[in-house]
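Trainee: Given next are the chains, with one letter for each unit.
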Amino acid sequence: MIRWLLKGIWRDKTRSLFPFLVISVGVTLLIYLLGFMEGIFAGMLDVSAHLDTGHLRFVNKPFYDEEHLIPLDRALGGQNETLEWLRKNSDPRIEWSPRIRWGAIMDVPDEKGETRSQTPVVGVAIEMLAADSPERIRLDLERSVIAGRVPSGPKEMLVGYKLAEALGLQLDDFVTLLGQNFDGGMATDNYKVVGFVRFGLAAMDKKMALIDLTDAQQTFYMEDMVTDFLGFLPREVGYKEYDVLKINIESHLALFKQNPPKNWAADDDPIILSILDQRNLRELAVKFELVDEVVVGVFALLMILVLWNAGLLNGVHRYGEMGLLLAMGETHKKLIGLMALEAFMIGLIGSAAGCLIGGGLVYYLQEVGVSTHGIFETSGLMMSDTIHARLSTYAFVFAVIPGVTASVVGNLIANLAIYQRSEANLFRELEAG
Amino acid sequence: MLVIDHVSKIYRVGGQDFTALHDISLEVEEGAFMSFVGPSGSGKTTIINLMGGLDQPTSGEILFKGRSLAKMDRNELAAYRRENVGFIFQSYNLLPVYTVYENVLFPLLLNDEKESAVREKVRALVDQVGLSPEINKKPTELSGGQCQRVAIARALVKDPALVLADEPTANLDAENSYHILELMLKLNRDFKAAFIFCTHDEKVTKYVRREVRLEDGFVEWDKTKQPEGHFS
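Chains A and B supply the protein sequences, listed in that same order.
For this note's numbering, count along the first sequence from 1 and bump the result up by 1131.
Take the second sequence: its position 155, counting from 1, is numbered 140 in this note's numbering, and each next residue is one higher.
For the record, the hints were derived by calculation from the structure and aren't laboratory data.
It should be emphasised that the depicted structure is a prediction, and the values quoted were computed from it without experimental measurement.
Treat the hints loosely; a few may be bogus.
[What the hints assert, rightly or not] Pairwise CB distance ranges (calculated):
| # | chain 1 | residue 1 | chain 2 | residue 2 | range |
| --- | --- | --- | --- | --- | --- |
| 1 | B | Glu68 | A | Arg1142 | 26 to 36 Å |
| 2 | B | Ile120 | A | Leu1479 | 24 to 34 Å |
| 3 | B | Glu98 | A | Leu1421 | 49 to 59 Å |
Think of the CB as a built atom: it goes at the ideal place given N, C-alpha and C, for glycine as much as any other residue.
Model the full structure from these sequences, guided by the hints.
Mentor: Rendered as structure tokens:
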């Protein structure tokens, strides 16, 4: 019977073409919208992860609890041992990178060595000296440096371009960092400003400086110590998977704490965080999902309405056929079942076409992206200048379900009239027609 | 085989009762070849609908092989039609997107038969109605007479006890009408199915062995006769 129905659908375009087009377009738009919205959100998460939180973060709890104060004395020792443990006990797709968050007064001297300008800065220390450093690639430093170059030697620094403007910095100027070291003593060190960087986020461009991890360890007396181990995941891993990966690491962590690296302090208590645990991003994720559901709901409703209408027209067009089937001994229930099966098949074929078109479109936007031409630059949102859509199974599922459901429900509502009609009436109308 | 026992049918039209059939009683024997004749509104189509289980009488009952159609629910009536009744229509009512072969096959698919099991039967029947060369054509490519042959094959493919034909020759010219009637007469003999026509067409009445005339819902007369035929 399915073969029979498929033949009818293929040969009689009046019964199948319009619903097919509606479903294809609807599913295409849904996949596109969901992929694009997920891309916006995932893009925000990625920017936040790369600059600040990591997709996963391994951090000492005492540091995390007071991180607004950047308490370097609560940084975690045993850098290499901890890093090795993380690599062995977490999903192999995670790339772990040690970082130091630091804060200091940046003093810019004049030619006599007197203070010309001064401001507090927040900084991050990353492994960035090697040209193929993953951190350098991750932060896209080659492209983000708008003047000068990326540091290639010790005690070189990148400064946010707005910060540089505020301090009247020139390339190759020396600045002095005045801060607190790991022991609570005063840390001072000179750095050469070799480049101005544009992160695309006003707050960071005004306050941020980047130095190499080894330099920071020297400046702040933090040998073999870091404040964070950030875990980064490839684009194809959706944010919903982060919590699973986090729980997986947590399951091994208790054992690690029982036999910790010798450089950990007695009260060190590292924890693993997903990006969603930080900066209220979980709430934002919930809101994005809600918007997704509203979009899916509205589309499904619109498709049901259009397909209901199409089903009514189709019902009128095929009134005779239905009367004939009843005369031949088909039951009302089976007839409605056949119509629903036919609608299901049209829904499935339309959804498949929509998946192909929408999936292709999203894939293209995932690989190429859409430039926002800097419209988010001053918004304070951690958003990339280029939005990449995200192709996800979730988008396909949430597009195909309403695609098929709308087809079947629209058809069933339209066929209610036929269900309520008596055989004799349908038969008479068949003869009249 | 089929007993119509004191059957009346009243329709409510525009708030008024309209009696289409008045206390009709008659019996249809197996392998009958009979017609209901009479003017429009005499009750011909109503009695065909009642015999086909498409409608229920207001009073009286119709018994098929001893089983009352009135006591059957919707699904049982559908099964009765599916297994025992073939319909032939004035306007053929073939499924336009399907071929001759597929149209004839369709009632068997409704009976949950596998196509592979009935393929030869369908081909043989299409051959019997003289449409083997047209077996893969669609109804739009056939003449009226050919369409009606397809409809006859479709009605007979499930070996029904009863074939109900409502004005089967009304859309055909004289020559095609005679061909179709000859064919139905032959198939009546071959298949032993009872053919019951309702018709205005005098050509049909020449072929039938029994003629029941209805007038305003009453049986005016019911006569058995020798068929005159045309070619035979």
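Trainee: What are the numbers of the hints the structure violates, in ascending order?
Mentor: none
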